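Participant: Kindly produce the complete structure, drawing on both the sequences and the hints.
There are 4 protein chains.
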Amino acid sequence: MARKPQQQRSKATVDAIIEASFICVARDGTAATTTRHIADVAGISVGSLYEYFSNKEMIFDAMNERFVADVVAMLQPLVPVIARLPIGEAVKLILGHFEDFLGRNDQRYLKCARQAMGVDIKDHLGPITRVLMDIVMQHVMHHPEHMRLRHIPAMSYIFINGGIFAIVRHLSDPSPPISYEELAQGLADMISHYVAQEMLLTAPATQD
Amino acid sequence: MARKPQQQRSKATVDAIIEASFICVARDGTAATTTRHIADVAGISVGSLYEYFSNKEMIFDAMNERFVADVVAMLQPLVPVIARLPIGEAVKLILGHFEDFLGRNDQRYLKCARQAMGVDIKDHLGPITRVLMDIVMQHVMHHPEHMRLRHIPAMSYIFINGGIFAIVRHLSDPSPPISYEELAQGLADMISHYVAQEMLLTAPATQD
Amino acid sequence: MARKPQQQRSKATVDAIIEASFICVARDGTAATTTRHIADVAGISVGSLYEYFSNKEMIFDAMNERFVADVVAMLQPLVPVIARLPIGEAVKLILGHFEDFLGRNDQRYLKCARQAMGVDIKDHLGPITRVLMDIVMQHVMHHPEHMRLRHIPAMSYIFINGGIFAIVRHLSDPSPPISYEELAQGLADMISHYVAQEMLLTAPATQD
Amino acid sequence: MARKPQQQRSKATVDAIIEASFICVARDGTAATTTRHIADVAGISVGSLYEYFSNKEMIFDAMNERFVADVVAMLQPLVPVIARLPIGEAVKLILGHFEDFLGRNDQRYLKCARQAMGVDIKDHLGPITRVLMDIVMQHVMHHPEHMRLRHIPAMSYIFINGGIFAIVRHLSDPSPPISYEELAQGLADMISHYVAQEMLLTAPATQD
DNA sequence: CATGAATGAGTATTCATTCAT
DNA sequence: AATGAATGAATACTCATTCAT
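Chains as they are written, first to last, in my numbering: chain A, 1 to 208; chain B, 1 to 208; chain C, 1 to 208; chain D, 1 to 208.
Please keep in mind that the hints were generated in silico from the structure rather than gathered at the bench. Since no wrong hints were added, every one of them can be taken at face value.
In the BS3-like style, the derived pairs of lysine-lysine whose C-alpha atoms are separated by at most 30 Å in a straight line are: (1) A:K56 <-> C:K56; (2) C:K56 <-> D:K56; (3) B:K56 <-> A:K56; (4) B:K92 <-> A:K92; (5) D:K56 <-> A:K56.
Computed from a predicted structure; not experimentally measured.
Facilitator: Shown next as C-alpha cells:
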C-alpha cells in the first residue's frame, strides 16, 4: 500500500491530495472530513488516495507537516531581521506576518490551526515553537543587555503559547472585542514593558 | 421529544447523563464518544437518553454548559478576595485554583477543555471570559491608581486568553519544559511588571 | 458490540442469521458470502447482524457449531444400535443416515461441509471425528473378539477420514462413476473384509 | 487480451507468474492472494500479469493445471514399478512418494491441495484420479489372479479418494493422532487384507 | 417513562482490472 | 511489451436515531 511516488504525475497527485485535505478540513473540520470528500475535491478516485497514503491519518499528518513547514518557511527568513529590531517592533512584525499568513486561501491555515489545537497540542506545533524559541535566542544574542533578564525560558513559553492562542482566537472571532491592531500593540507592549521593568529591577546599583 | 426534566428522578437522570458524558469525553475524546457509551456509563438505555436530550449534540452542549458553570462557580467566590490582593498575588491565586480545578476527577475538566478549545473557541469559553473580565474590573476598582492604565481591554483580552491556553497546554504536556510553579510566577511577573511599567510611564510629571 | 440476546425476539433473530448463513454459504460459498447477503436473506438489516455477532467470522463459527451439533445429534442416537450390528451393517446404516442428512435442505450441509474441508480441516470436523471414534469404541466393546484387532487407532483414522471424504466427494459429483449404493457397499466390504482378514491372521493357532 | 506465450521470454514470465502464484497461495491462501502480491513476487508489474492471463481466475487455473501435471509427472514413471510390486508394497511406495512430493518447497503442494479440496473437488483432481486408476489397472494386469476381485471400480474410487484425503489431512495436522508411517502401513494393510479376503471368498471350490 | 432491538445511511479501506505513457 | 497510476464498485463494520413493547 501507500507507495512512494515515482513519477512527476504522482508528485502532483500527492500535492492535490494535501491541498484537498486543507480545503476539506478548513470547510468541515477534521472530524467531518471523509476520504471521499478529499478524493472528490482532489479530483481523483478514492482508490488513488490509498495509492499514496496508507490511511486517512497519514493524509492529515502530511497536511500538518506541510502546515508546519509553511509556517517555518514564513518565519525563517524573518529571523535575521527580527533579531535586530527593538523587541516591540519585532513582535509587531511577526504578528503582521502571522495575520497575513493565517488569512491566506480563505483562512485555510487559521482553520487548520484551530483543529490542531485541541487534539495534539504538542506534536504538531512543536517545530513552530522551536523556531520561535530560536527567534528569542537570536534576539537576545543581538541585544546582549537582555542577557540580564531572568526566567527567559518561562517567559518565552508563556509569550509564545499565549500569543499564538490569542492570535488564533482573535482571528477566528467574527466580532472580536478589540481590533487586531490593538492586539498586536498590546502584545508588543506586554513584552516590552516586561523587559523594561526587568532591566530596571536588575540594574546594577550605580545610581548613587 | 426531548423534554425538560420536571421531576426529581428526571433531574437525577439528566445529571447522570452529563456525568457520563464527562467521563466518556475525558476517556475517549469527543469524536470517539458514542451515545451507547454514554448510556452505558450513565446506567440507562439509549432510548432514555433521547427522552432527555434530542440528540448527541445537546448532550455535549449540556456538558459544556456544566463545565462553564463549574468554572464560574469556582471563580465567583474568589472575586472579592482577589480584588483586594496585589496583582501578582491575585494571578497566582487564580492559577493555583485553576490547577486544582483542572486536575479534579482524573483531569476531567482539563481534557474537556482541550476538546472545546479547537472547535468552538468562542461559544463555550465566553462566560468564563466574562467572569475573568469581571475580576479585572473589580480589581481595578479596588486599586484606583490602575485606572490610569491604558488599553485595559486589550491587555485583559491578551492575558486572559493567552493565560488560559498556556495553562491548558502546560497541564496537558507530559514533559513540560518549565514547572507549573514557574509558569504561574511568570504570568504573575508578566502582568505585574507590565502594570509597574505602565504606572511609571503614565506617572504625572511631579518630578520637578 | 455483539451482545447476548435477552429477549425471545433476539433468539429468533440469531437463528434467522445462522439459517441465512447456511443458505448463503450453500449458494455462493464462504468467500462470496457477504454480511449484506446474510442480512438480506435473514430479512434484517446489517446493523442487526452486528447486534448479535461481533463480526462475520463469528457468524460462520456459529454456523459451523450448529453444523457440527446437527451431525452429532444425528449420530448420537444411532450409537447403541450401531454398536450391536455386524460391522458391515453398521457402516451401511451410518452411510444411509449420512446420505439423508447431507441431502437435507437442498444439500445445505453437504455444501457447507465442502467449504469446511479445505480451510480448517481439523478444527470444525473435530467433534464429529470424536463421535465416530466413540462409535468405533462402542462397537469394539460389543464385539469383544475385535479386541484382537491390531492398529485400531490407525485404521479408524483412515476409515473415518477417508470415508467422510469419499462420501462428500461422491455426493458432490453430478455424474459419479459409481452409485451411492456401490460406495456404501464398498466401504462396508472394505472394513468387514479387513476385519475378517485380521481375525484370521491373529487367530490362535488351533489348527493343528 | 491474454495471449499465448510465443517466445522464450514470455514462457519464462508465465512460469514466474505461476511460481509466484504457488508461493502466495501457500503463504496466504487463495482468498488472501491478490494480483498485486503475485506480480510483486513474480517481479513484474500488474499490467504484465494481464498480458498473460485474462484474469486472476486464469492464474489459479494455470497453477492447478501445473499442480496436477506435477503430480502426474511424479506418478507416471512409477507405474511400471508399482504394477509389479505386491499390492501392499505398491501402496507404501506411492505413499512415500506422496509424502515427499507434498512436502517440497515448504509444503507448497500440500497447501495448494487443501485450497483446491473444498472448492472444485472434481475438476482439478480429475486427471490425478485418472492416473491412479491407471495404476490400478496396470497392477491388475500384472497380477491376473486379481481379475477375480469384484467391485474394482468402487473399491478403487473409495481407496483413491479416501486415501488422498487421509494423507492431506494427516500432513496438514500439526499433531496427528498417528504417525505417517502408521498411516501408510494402515492403508497398505487395508487394501491387502481386502484383497486377501476377496481372493479367499471368490476362490474356486478346489477344496475337495 | 423505560427499554433495547432494529434500522440504514455512512465510513474507511481493498483490489481486480484498465489504459495512457 | 512493459509499466504503474488510476479507477470505482464492493466490503466489513459503526452509530445516531427511532419505535414497538
